[in-house]
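> Go ahead and model the full structure; you've got the sequences and the hints to work with.
Protein chains in written order, with my numbering: chain A, 169 to 522; chain B, 7 to 214; chain C, 36 to 709.
Treat the hints as calculated values from the structure; they're not laboratory data.
There may be inaccurate statements among the hints.
With a cut-off of at most 35 Å between alpha-carbon atoms, the simulated DSBU-like pairs for lysine-lysine come out as follows [to be verified]:
1) K491(C) <-> K49(C)
2) K615(C) <-> K256(A)
3) K31(B) <-> K255(C)
Among chain B residues calculated to face chain C with C-beta under 7 Å, some are [unchecked claim]:
4) T25
5) N29
6) L32
7) W35
8) F37
9) L38
10) S138
11) S144
12) S178
Note that the structure is a prediction, hence the values are computed from the model and not measured.
Every residue gets a Cβ at the ideal spot worked out from N, C-alpha and C, and that includes glycine.
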Amino acid sequence: MARSRHRLSRLTALVGTTAFLASCSLIEIQDAPMTTFEPAGPNAERLDGLFWMVFWIATVVFVLVIGAIVVMLFVFRDRGKNDAEEPKQIHGHTRLEVAWTVIPALILAAISVPTVSAVFELTGCDSDSMKVEVVGHQWWFEYHYPAQGIDTANVMVIPAGQEICAVMTSDDVLHNFWIPALHGKRYLVPGQVTLLRLESYEPGEFWGQCAEFCGLSHSLMRARVLAMEPSDFEAWVADQQKPAALPVEGMPEYDGYQVFTNKGCIQCHTVRFDDDSASNIIQREDFNGPDLTHFASRTVFAGASLPEEGESYDAALKKWLADPPNVKPGSFMPNLALTEQEIDDLIVWLGSNK
Amino acid sequence: MSDVVHETPVAHHDEHESTGIGNRKLGMWVFLSSEFMFFGALIATYLLYSNRGGFEGTYPSEIYDIPFTSVSSFVLLMSSLTMVLAHNALSKGDQNGTRTWLFATAALGAVFLGGQVFEFTEFIVQSDMTLSTNPAASAFYLLTGFHGTHVAVGVIMLLSLWGISRRKGGLSEEHGMNLELVGLYWHFVDIIWIVIFTVVYLLSVPSA
Amino acid sequence: MTVTAERPRTTIFKRPSSAYGIWSWLTTVDHKKIGIMYGYAAFSFFIIGGLEALLLRVQLAQANAEFLTAGAYNALFTMHATTMIFLFIMPASAAFMNYLIPLMIGARDVAFPRLNALSWWIFFFGGIFLYSTFVFGTSVAPVGPDGISGNLAAGGGPGSFNWLAASPDGGWFAYQPNAGPFYSPGTAMDYWALGLQIIGLASLVSAVNFIVTIFNMRAKGMRLLRMPVFVWMSTVVAFLLLFSIPIIAVALFMVTFDRQFGTLFFAPVGGGDPILWQHLFWLFGHPEVYILILPAMGIVSEVLPVFSRKPLFGYSAVVFAGAAIGFLGFGVWAHHMLASGITPVAQAAFGLATMTIAIPTGIKIFNWLGTMWGGRLRMTTPMLFAVGFIAMFTIGGLSGVTHAVVPSDWQQTDTYYIVAHLHYVLFGGSVFGLFAGLYYWFPKLTGKMMNSKLGKTHFWLMFIGFNITFAPMHWLGLQGMVRRTWKYAPETGLEPWNVVVTIGAFIIALSVAVFMYNWFHSRRHGVDSGFDPWDARTLEWAIPNPTPEYNFGVSPVISKLDHFWHLKYDQDDEGRAVRKDDADQIIAELEHVGLNPPEPIHLPNPSYFPLLMAAGFPLMFYGIIYHTTAWGKALIVIGAMVALTAVIGWAMEPVEEPHDEPSEERAEEVEAGV
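What follows is the structure in structure tokens.
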């Protein structure tokens with residue numbers, strides 16, 4: 169009686185664990201913007217297909233192995249009877265052993281065919297695709313559109329339905345650019361160039377993240393890709409190419425502009441104004457912060473880590489300007505000890521740089 | 007010690023050597039096989055950087071003094087010969103010869119080291135190529151420096167043996183084993199140098 | 036007891052002769068004592084590494100949590116991995132190898148007993164050196180090229196426990212240039228690089244020692260293909276160490292030179308190539324994976340046949356598969372770098388090579404299943420862990436195949452999917468295997484049995500806790516949770532499963548507590564194991580428990596694989612095992628001879644010099660870190676002097692002191708001793 173209860177508890181544990189494992193792969197969590205299971209373009213779709221192919225093969229093997237173990241635990245278990253026969257002393261079985269060498273080899277050979285072809289087809293870019301240069305910085309992504317002459321950060325804007333070639337490098341340490349819905353990961357290597365092809369079928373906003381550990385605030389080095397209808401993209405390009413309006417005394421933005429020029433922001437941040445003599449251009453090869461000419465056109469800032477959930481844009485910006493390293497540890501943007509008034513002024517001016 | 011006589015059979019922990027090769031000798035072989043990987047990694051790194059163009063400063067391959075290094079390589083090569091002669095002399099029981107050849111080996115090794123010190127000094131002072139000039143220079147110094155360290159350790163071991171051999175009675179049977187081990191190590195260090203000299207010095211073309 | 040030699044000669048010190056107390060441990064050259072010390076040290080580091088993991092899990096249980104500072108988080112995940120790999124699994128495997136290899140091949144000790152002690156002490160001091168970073172190390176934010184500083188020392192910012200941040204924080208993989216001199220200023224990463232250098236040296240010395248021991252010290256008739264699989268796997272591991280340690284040694288030297296002496300190996304500013312570091316690191320790092328798993332595979336291959344009461348299915352296939360895994364393990368390193376931008380040809384080649392490794396791995400799994408099939412399975416604690424090993428390792432192996440499909444890996448790499456995979460291999464694999472071994476060989480160590488009720492509680496808690504912890508990580512990774520992430524946004528929807536994972540981690544911690552209680556309780560109050568408590572197959576059980584100091588009363592002569600089993604069992608016409616009529620008598624004789632060696636046995640004497648020599652290395656390495664200061668230079672000299680003194684003393688001292696004629700009191704000593 170005690171014995172069977174014992175076994176029952178074991179069975180329960182076993183079933184419980186199996187059920188748990190199964191639930192892990194079956195329960196779909198709504199709203200996971202970083203998921204790899206909702207590919208939005210041809211590249212990610214291909215990866216997803218390969219994953220599921222090998223997943224199902226692996227599942228079959230898993231069920232066979234675990235099933236064999238479970239069966240054996242019930243069938244061959246020593247039940248403590250004294251008269252039980254000793255097992256046959258089998259040392260091996262050549263044909264069986266050859267089988268379980270050859271069959272896995274064949275399965276793997278079959279898997280390798282789509283693997284190799286996908287590797288070659290999904291690496292690199294087509295020569296005629298639109299190029300966006302991606303530069304990794306601790307801890308934000310810079311995007312440079314060489315053909316359009318645009319510099320932006322954190323949010324990469326692309327036209328939907330066509331291949332974009334991300335030409336990537338790093339300004340400091342290794343980074344890893346990853347937009348799960350569009351493609352797999354690719355390193356950004358200082359002193360070297362890597363390529364990643366991106367394509368989205370439809371307009372949409374896709375989340376991304378630097379995936380290679382890159383120092384203190386690695387976890388806050390995030391990315392967004394905004395895919396637009398080609399016509400909207402053209403409009404966006406035209407907007408971005410425009411300089412910002414230089415505030416003149418008396419305008420509500422003027423005080424914030426003064427803070428920008430007087431408090432050291434200009435050491436790192438480029439702003440192009442409609443009055444060239446006032447423009448503040450930081451050379452790209454120098455250490456710099458994001459180009460702020462169209463800061464307000466971007467929905468996120470601080471390495472796409474702000475605003476956080478449930479936080480207003482302005483409140484987040486206020487928090488950020490008050491003490492950047494406290495939001496993003498190790499941040500090169502220092503705490504400039506701005507007063508509340510100065511921060512509010514800055515927010516007004518930044519908000520005008522659409 | 008051999009002068010203790012056992013009345014009854016006594017079991018020791020290491021009385022059996024399944025392969026027929028002594029433990030220490032086998033150990034040395036095994037260790038040296040690991041050393042090949044050590045120098046392999048260093049040589050590979052050097053080759054990677056020496057063939058990569060575009061660095062600032064002097065590449066080592068631009069300033070090699072091949073005749074000079076050839077002479078010092080010859081000196082090291084000769085030391086392998088004297089090492090063999092020392093081993094040979096000991097196996098014939100010729101303690102005098104052993105002493106002489108051991109010292110000759112150590113001396114040749116020391117001459118090689120002197121040559122390396124001279125080479126480094128020339129490179130640093132004359133050609134202004136230091137550890138921090140470029141990755142090729144870093145790799146050159148690390149590789150040849152580690153080889154030099156190995157030679158230096160070998161010279162110290164040779165001199166210790168030489169010191170022991172000068173005592174009354176010369177090298178005992180057990181020390182003979184030591185001589186064989188040091189010999190193995192010494193030949194290894196030599197072989198590695200042949201590889202370094204060929205691959206790093208002779209086959210290295212100045213990068214564009 | 037061994038026969039005590041005459042008063043040992045004095046070389047530099049009087050030769051130690053303590054048989055009890057602290058000095059007997061500090062000066063021992065006995066492979067069993069060294070193994071036990073390795074074991075306890077490794078387990079202590081397991082506890083430390085586990086506590087680090089718990090802190091990490093608390094931080095991750097909540098989105099945007101501010102329990103740890105970013106600096107503390109980065110330091111803890113670096114130290115968690117470094118500790119578990121280099122200070123727990125490797126030395127724990129070394130503990131088993133030390134204790135068991137001589138016993139399994141019928142030897143009295145390893146080939147070089149003092150070198151063995153040296154390995155252990157080097158490892159021990161290396162671990163202390165590495166962990167001293169928490170006291171002495173510094174870690175500060177980088178300074179921008181134009182002098183704008185990162186503004187905060189060692190992280191700071193939101194969160195607490197920032198004092199933990201003053202330790203290595205570049206990841207256990209120390210990718211350059213992030214872990215280089217410019218982006219990780221401060222001394223913490225120097226402690227890491229030099230600490231691993233010391234620990235690597237210990238492994239290298241061990242590898243040489245074990246290879247010579249296995250090739251040279253086998254008992255008569257113990258042919259290579261009669262060796263237990265554990266010994267075979269240890270051989271493969273020793274060769275892997277032999278060929279991979281020098282590579283990481285070179286890489287670590289380069290990092291140290293970059294950081295200390297201004298070389299430019301990995302500094303992009305000077306033209307250095309950060310990817311070269313990855314190649315060197317993983318050229319070591321992938322064989323390292325097999326260094327971690329093969330000993331556990333060896334243990335499982337010993338445990339399964341005993342509790343299935345059948346020989347290992349396909350012994351030679353298992354052995355050759357192990358060797359093949361070791362060999363192939365050197366050809367797949369770049370699968371850790373499939374996103375690094377290496378050429379498609381290289382990606383395809385390394386992907387395919389990785390798939391090939393699945394074949395020998397599969398052979399092992401199927402042969403283990405074949406071993407159990409048709410057996411009489413006694414579900415003891417070691418057997419539970421061994422079966423748990425097969426199941427969990429299978430999952431880890433299968434998720435490994437999904438990485439070999441290169442494009443699929445582009446999504447998986449650097450996410451929690453990989454964290455899940457590696458823990459299924461290293462925890463579900465290695466650690467379950469090591470626990471199987473601990474329960475199985477506990478009687479060998481102590482002459483007592485471990486409590487089986489507590490053992491089974493431990494197993495089920497750990498098995499369930501393990502799966503609750505690591506199974507959801509597969510899902511988390513595929514839902515986009517990247518590794519080494521201090522914070523994640525609530526919008527990512529990752530929080531619920533992270534809570535589950537953290538609960539699982541605490542269940543594991545509970546199971547380890549149960550184990551520790553069981554261990555210390557059973558050591559004192561456990562049931563007497565008697566001779567051969569498991570009805571085992573291999574040679575180490577043909578001697579009394581606990582193992583006598585001299586191991587074998589008489590050197591055994593081997594005639595078969597599983598020699599000991601065949602002393603006890605015959606086969607009937609159907610091929611079923613039948614216990615011989617005189618089996619009990621044979622065992623009684625073995626026990627008698629084991630306790631009363633017919634002739635005196637001389638063992639290597641204890642020595643101070645391994646300890647002394649090992650002490651020289653950390654001193655020198657502290658000196659290198661602070662070499663710009665006068666006292667740093669002094670430390671280098673002092674360390675070198677200490678090591679040199681030890682070398683001279685070592686060289687002047689024979690392994691075994693000369694002995695007088697065997698004393699008559701030996702028999703009484705045997706009675707009184709042990």
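> So which of the earlier hints does this model not fit?
1, 7, 9 and 12
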